[in-house]
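S.K.: Knowing the structure of chain G, use the given hints to seat chains Z, B and H on it.
Protein chains in written order, with the numbering used here: chain G, 1 to 338; chain Z, 339 to 676; chain B, 677 to 1014; chain H, 1015 to 1352.
Each hint should be verified, as a subset may be incorrect.
[Said to hold, decoys possible] Now the stretches of chain Z that chain G is said to cover, found in silico as 3 or more residues with beta-carbon under 8 Å:
| # | stretch |
| --- | --- |
| 1 | 469-477 |
| 2 | 480-487 |
| 3 | 506-517 |
| 4 | 604-612 |
Keep in mind that the hints were calculated from the coordinates and are not lab data. Beta carbons are placed, not taken as given, at the ideal position from N, Cα and C, and that holds for glycine.
Protein chains: 4
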Amino acid sequence: MSTPHKPLVILRPDPHPGERIFRPDTLTRLHDRFTVVEPDTEEAFDRALPDAFAVVGQPDLPAERLARARELRALLNVEGNFFPNVDYDECFRRGIHVLGCGPAYAQAVAEYALGLALDLARGISREDRAFRAGRERYVSDGTADSVLLRGADVGLIGFGNLGRSLHPLLAPFRPTLRVYDPWLPPAVLREQGLVPASLDETLARSTFVFVLATVTDDSRHLLGERELALLPDGARLILVSRAPVVDFPALLARVAEGRLLAGIDVWPDEPVAADDPARDLEGLVLSAHRAGGIPDAFLSIGDLVVDDLTLLARGLPPARMQVAARELVGRYRNRPVL
Amino acid sequence: MSTPHKPLVILRPDPHPGERIFRPDTLTRLHDRFTVVEPDTEEAFDRALPDAFAVVGQPDLPAERLARARELRALLNVEGNFFPNVDYDECFRRGIHVLGCGPAYAQAVAEYALGLALDLARGISREDRAFRAGRERYVSDGTADSVLLRGADVGLIGFGNLGRSLHPLLAPFRPTLRVYDPWLPPAVLREQGLVPASLDETLARSTFVFVLATVTDDSRHLLGERELALLPDGARLILVSRAPVVDFPALLARVAEGRLLAGIDVWPDEPVAADDPARDLEGLVLSAHRAGGIPDAFLSIGDLVVDDLTLLARGLPPARMQVAARELVGRYRNRPVL
Amino acid sequence: MSTPHKPLVILRPDPHPGERIFRPDTLTRLHDRFTVVEPDTEEAFDRALPDAFAVVGQPDLPAERLARARELRALLNVEGNFFPNVDYDECFRRGIHVLGCGPAYAQAVAEYALGLALDLARGISREDRAFRAGRERYVSDGTADSVLLRGADVGLIGFGNLGRSLHPLLAPFRPTLRVYDPWLPPAVLREQGLVPASLDETLARSTFVFVLATVTDDSRHLLGERELALLPDGARLILVSRAPVVDFPALLARVAEGRLLAGIDVWPDEPVAADDPARDLEGLVLSAHRAGGIPDAFLSIGDLVVDDLTLLARGLPPARMQVAARELVGRYRNRPVL
Amino acid sequence: MSTPHKPLVILRPDPHPGERIFRPDTLTRLHDRFTVVEPDTEEAFDRALPDAFAVVGQPDLPAERLARARELRALLNVEGNFFPNVDYDECFRRGIHVLGCGPAYAQAVAEYALGLALDLARGISREDRAFRAGRERYVSDGTADSVLLRGADVGLIGFGNLGRSLHPLLAPFRPTLRVYDPWLPPAVLREQGLVPASLDETLARSTFVFVLATVTDDSRHLLGERELALLPDGARLILVSRAPVVDFPALLARVAEGRLLAGIDVWPDEPVAADDPARDLEGLVLSAHRAGGIPDAFLSIGDLVVDDLTLLARGLPPARMQVAARELVGRYRNRPVL
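Only chain G is shown next, with the shape it has when bound in the complex:
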């Protein structure tokens, strides 16, 4: 099916329609260099598997199926989360690259997180609502709780793709950046001018806290009632990674008390219930899982995929997608994004 010069790539990019992640010229590049099969049944998928050089997508790949994929060199996940429907151990044993598309979203999330932080710092959306209701307050009458980001104490909970993309955006504000990331040795942070800190210290000393951690068994409700109570009054919390990292009732209670302002992009249940009291909290900026999934981010997925497939076909290591770590890929507990 494939020719020696055009390795076989199986394309199963759901939940994305192909045109969301591939620009026309990216698709052309893909087809120029690879034989592309888009199986619409499991049977068709199974027929293509023995010759497949790579699989783009996240179909079920248990051990027995992988055993038949004798030529498989790479699994390119374009959804954003690693689900347990693949025998990752077998992939690593076989030297099959397991690649994720997280980097495609990181800049979009970082820019959005900064936008939420500046909104919370200055009351932008709150005062826009007031203006529309004829209740606007001019100049100093409406800025009593406005604060600068310059020189602020800023905490990052987690320092992976998102943190590394956010860091340069924050740098010109010259903040003191404390980072809690139990997966990284302190020296990695110090070399970048960051202050490694415990979770408690990060929370207790930060005016702005960005929650950037992914969900594992260890990080579920990492920010519970006790931890949130460590935040200084008037702190701003930006949640753009995964909802289960935070105890939502505790978070919302603290916002309702006026002790915390929060920008929330991810929710325990999406869509959020119509009568969820969060909808009326003045101290929130409400956002419907919008931080990462923008056209430019989706379209960059296709570029990452084709660039890395091209490298792999040339016998080179991938350079754009995230290489899943053998030690971590089984720990994630993120759910599919609806």
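M.R.: Relative to the frame of chain G, chains Z, B and H by itself:
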């Protein structure tokens, strides 16, 4: 009245109450180093004037009054605009420093302008409103018009205090930054990695346009109907300097047509009329002159004042406030901020 | 031999004496967390191997030896080059991490490369020699060939560890940075503000060229006579990676003709012959393989090692050493550094 | 002599020949916009003076001559130092701009200073000499005293043009930057991420010290024997501003003792005596006043001049040359550069 060691400073900081611009310890520093007089009548002011080393504030200072201020070395404007109630020519002839407090506001305005730009890029306040109304759209359903700031074409109209403060905040987004500033030679911009451009080119090629120009006879309605029509569809305009620079009816018409998104902090008449149609435009982020006047900015004015008074008393040039240019001080047409 | 809580680490750090790469407190950390064996014979090594969690060093590890190392999780190379005395394929099959200490040297090499570039730009060492000989020339008499790095056209040949460390040091000079690296897709470079370019274009358009490539079968004499002839007259070439990348006779001939200035840290044969004509070339800055091997770099190797061993023992992926790529580890042709 | 549209400019750029500071197209711009007179006698100068809009150069301008220069708006110094042959007080009274060309040299000096610092950090010129003498030492044999600039304690003595140009070049090394500048309030430094410090603290805590101060009555021998003794052993001192700031015998004694390494570009007497013992000190990098006067810097002077003349003729303030401060212009004690 003053002693040789404690030069006399007349303090008339209106419209600010003194405690807005002086932290307690700043005030202590001021009184430690200077004899401070706060005249509450014009007569008291006139009595203090002959011995005054400096005047903090913007009282009427026509030629005849300046003539009596024989020891005057500096006029420190803490309002933010230079009004024509001072004989500036005489100040310059006498070598009296005319200093402005613009730098105190610049960081606050720059952070706010970036916040508005990110809001417009991603629909943060618009979607917050929708969420509160139960109309939120999840993930890609609500991000069709979302764009990145990274790599964007960005235009700056004016490159003074505000532009210089905004520039480093934009730098990590690696934009192409076109600047229109008729008061600066192109080389000044090029040396900082900026692209000098005409007004028309700046507008026609920018997805984001920051209007940072002050009002002079030349810049009134600098952005009229013709100029706004040059903007690409879907552009984002951020107005944080002075309303008269823009033709508001033309601006609002363009937003109403859905061709432009705008974040507006300054208005032709403040307060804005209750029935102003701008209040209902979905394409706006509405803001009530809130960009600069935040507590931290006000309090830094006092620091600027005391630091520069201290330098002047030591026979050194000022280093923190903005030195008014003889050529420009008479050109400004800004009105007092209510 | 090892206890459950203190995994066994075999330490064979030659060519380094242990104290060169381990600070006393680093060694204490190592011994606190691991059972450390330092075998002084091959037999002792073989006895320790079956229980070894990790090997620090680069002993011969053919397939049969690896087969006995049933617990082995990581091979931590502290020499800096990957030699073919290890069955890397088997390591990858087994999921044994193959880690290199390149990052320990990268900052030292980057700073040195910048130092050489500034020396070549301004004639620092040449004029120091002249001064000592009583031939110094003051002010403009000795600066006719001096050039700025600011705004210069700069080429990087290779963009791995060294390039990534050098890039931020060059950034404030606002150069146009062209990069030739056949292992990276252009987008990786563009995202960092770099200009991807062919080798010929990089050479033909650069005033400063940094040679940062490692040696493979493909890169031997990458810069031959034809390529060097592409450089503009007066160009400055900085060679800090590996000598075989450059055709030395062609390079030295070009310097002798006065068409090129070069800073050379690595040589085809080290030590260089006593009568090597390079020793007398005025257009050279001569350096004896000094760019990377400085005390601070050596000592950071120990930190990298202990930090990554600690992560691995906690079931986390390494974060400080360089993870060898399956595709590349067999391609390197670097020789041991004497 | 001049027409209304082409104001009269007197050009007396000595010690520079005109072609050193004006590119051909810069000269064309100058002649297009201005009537240019180049008087070759004092009489010719006096004849042109009454109509002169600006003087480029530093001719004697005592009060009586200024009195005849009724149209004079600007004095543009192209030598680099302000000498006492001008009645500056009268210039300030008259609102005549006094402009200096310091900014033209600042980048060149900053790059050179960094080059000297990296040379001292790594022994570049010292080991180049050794290599030429057949005494080179390979790898770790010659790097025992090599140190990184990354993370180093760095002191700046003076923070004017030179400091502001050097600062961004040092920033990517993430040093702790202590600054001693008695003309600046601490907040100006803190806002830029610098640590304001006393002279003694700056010296005692810095591994690298850049001497960037100009000469006034206060700064002569600012670094005397007592101050130099505060430096930690092994410190690196870079002197690129003015020799009288340092007590040279004390400096050279300390270098001779092996306690200090120094890069010296300016000398108490230039040319330096043939038998000056400095010529033989291994711990020095010797440089003959070469830091600023390079072709690119000279040629930028012409650009600064024509850009600012153009602004002034349009009724705008200058934007490129340094505006001399009334308080400081009489304090400088720099001598002409030979």
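S.K.: Work down the list of hints and note, for each, if the structure agrees.
M.R.: A quick look at each hint next to the structure:
1. 469-477: holds (count 7)
2. 480-487: holds (count 7)
3. 506-517: holds (count 5)
4. 604-612: holds (count 4)
Hint check: no violations occur; every hint is consistent with the structure.
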